[in-house]
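There are 2 protein chains.
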Amino acid sequence: MPTLDFWFEFASTYSYPAAMRMAGRAEQAGVDVRWRPFLLGAIFKQQGWPADSPFNWQPAKGRYMWRDLERICAHFGLGFRQPETFPQSSLLAARVATVGMEHDWGQDFARAVYRAEFAQGRQIGNRAVIALLLNDVGVDPEPVLAYAETDVIKAKLRRETEEAQRLGIFGAPSFVTADGELFWGNDRLEAALAWANR
Amino acid sequence: MPTLDFWFEFASTYSYPAAMRMAGRAEQAGVDVRWRPFLLGAIFKQQGWPADSPFNWQPAKGRYMWRDLERICAHFGLGFRQPETFPQSSLLAARVATVGMEHDWGQDFARAVYRAEFAQGRQIGNRAVIALLLNDVGVDPEPVLAYAETDVIKAKLRRETEEAQRLGIFGAPSFVTADGELFWGNDRLEAALAWANR
Numbered sequence: 000m001p002t003l004d005f006w007f008e009f010a011s012t013y014s015y016p017a018a019m020r021m022a023g024r025a026e027q028a029g030v031d032v033r034w035r036p037f038l039l040g041a042i043f044k045q046q047g048w049p050a051d052s053p054f055n056w057q058p059a060k061g062r063y064m065w066r067d068l069e070r071i072c073a074h075f076g077l078g079f080r081q082p083e084t085f086p087q088s089s090l091l092a093a094r095v096a097t098v099g100m101e102h103d104w105g106q107d108f109a110r111a112v113y114r115a116e117f118a119q120g121r122q123i124g125n126r127a128v129i130a131l132l133l134n135d136v137g138v139d140p141e142p143v144l145a146y147a148e149t150d151v152i153k154a155k156l157r158r159e160t161e162e163a164q165r166l167g168i169f170g171a172p173s174f175v176t177a178d179g180e181l182f183w184g185n186d187r188l189e190a191a192l193a194w195a196n197r
Numbered sequence: 000m001p002t003l004d005f006w007f008e009f010a011s012t013y014s015y016p017a018a019m020r021m022a023g024r025a026e027q028a029g030v031d032v033r034w035r036p037f038l039l040g041a042i043f044k045q046q047g048w049p050a051d052s053p054f055n056w057q058p059a060k061g062r063y064m065w066r067d068l069e070r071i072c073a074h075f076g077l078g079f080r081q082p083e084t085f086p087q088s089s090l091l092a093a094r095v096a097t098v099g100m101e102h103d104w105g106q107d108f109a110r111a112v113y114r115a116e117f118a119q120g121r122q123i124g125n126r127a128v129i130a131l132l133l134n135d136v137g138v139d140p141e142p143v144l145a146y147a148e149t150d151v152i153k154a155k156l157r158r159e160t161e162e163a164q165r166l167g168i169f170g171a172p173s174f175v176t177a178d179g180e181l182f183w184g185n186d187r188l189e190a191a192l193a194w195a196n197r
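If you're matching them up, the sequences are chains A and B in order.
Residue numbers for the first sequence follow numbering that gives the first Met the number 0, so the first one is 0 and each next one is one higher.
Residue numbers for the second sequence follow numbering that gives the first Met the number 0, so the first one is 0 and each next one is one higher.
In short, the hints are calculated from the structure, not lab data.
Computed list of lysine-lysine pairs in DSBU-like fashion (alpha-carbon distance at most 30 Å, straight line):
1. B:K44 x A:K44
2. B:K44 x A:K60
3. B:K60 x A:K44
4. B:K155 x A:K60
5. B:K60 x A:K60
With the hints as constraints, model all of the structure from the sequences given.
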């Protein structure tokens with residue numbers, strides 16, 4: 000079965016519709032998708048960019064993005080509520096997702112985080128919120144949170160982020176095929192699956 | 000008939016496929032499209048950005064863009080050759096297009112400029128190249144070039160650029176519907192036409 004790597008960042012707005020659409024589209028396309036959380040902020044930092052989201056330091060683009068995201072969510076029937084805080088800290092969620100992808104609840108957890116952040120007005124940087132989301136996907140929160148904050152997981156997420164940068168990734172969501180083609184953005188999801196299937 | 004404003008910049012890479020696809024898609028959709036050249040560099044400058052293209056001062060994004068554009072052109076059957084000089088000066092071409100849109104040769108000229116720049120390896124900042132392109136679309140170059148460099152046309156293009164900025168435009172190509180919806184990027188062309196047609 001063809002494969003595709005799906006690189007996502009929980010602070011990334013357009014990663015939300017991509018994450019919600021991915022499982023269905025991948026099944027239709029017959030592509031096996033590996034979900035790979037990473038930290039985009041670390042890549043921005045290495046490029047010498049401001050620590051803040053480009054959608055904040057580029058206000059016209061930011062205003063457009065929120066409206067565009069609202070239209071996209073309406074189009075795909077996804078809930079949407081503009082978060083009061085943006086960007087939110089995605090570090091803990093990314094560490095927990097790194098654990099989850101080693102088990103069978105990673106994708107459910109990732110979707111739950113995106114829904115909490117972009118449809119339910121919740122704060123995903125909050126440990127108690129992450130614990131509730133773990134509970135929702137049927138996982139006992141405390142052992143997972145404890146493991147997510149060990150050096151093993153911290154180092155794994157750091158290596159994944161370095162790998163993303165090595166692959167030329169500069170934004171999220173990004174998709175990388177087995178032959179190294181990079182696609183960037185929710186609006187390239189179908190093109191990436193089609194390329195994987197060539 | 001529903002209408003749509005198509006804002007384009009000759010230095011903009013993704014404006015090339017949008018310009019080549021627009022007439023056919025607009026006819027299919029039954030939408031009357033107004034082609035509006037403007038100067039994106041002036042908007043970047045007002046935002047305090049570097050004078051250079053973001054694809055140059057964001058090298059990872061730049062590398063991605065050239066590959067993405069190559070794939071898009073292959074997909075749509077458009078010629079493509081990465082220009083040796085990027086970005087090219089678009090000022091004269093934009094002034095001439097401003098004249099052309101007052102007549103019936105504006106769209107043909109715009110397509111000829113994009114083809115020259117992104118498929119034929121020619122320098123669109125060069126007055127002699129613009130003269131040849133005018134010739135190709137059946138227009139006597141010298142009177143048009145002289146008129147394009149009068150204060151009347153310079154001021155008109157400046158007003159159009161100010162209008163683009165007022166509409167929230169921060170990139171090209173952009174599409175604006177009669178009810179004020181803004182869409183950005185070649186990959187939003189179909190969504191913009193569909194919105195115009197609602």
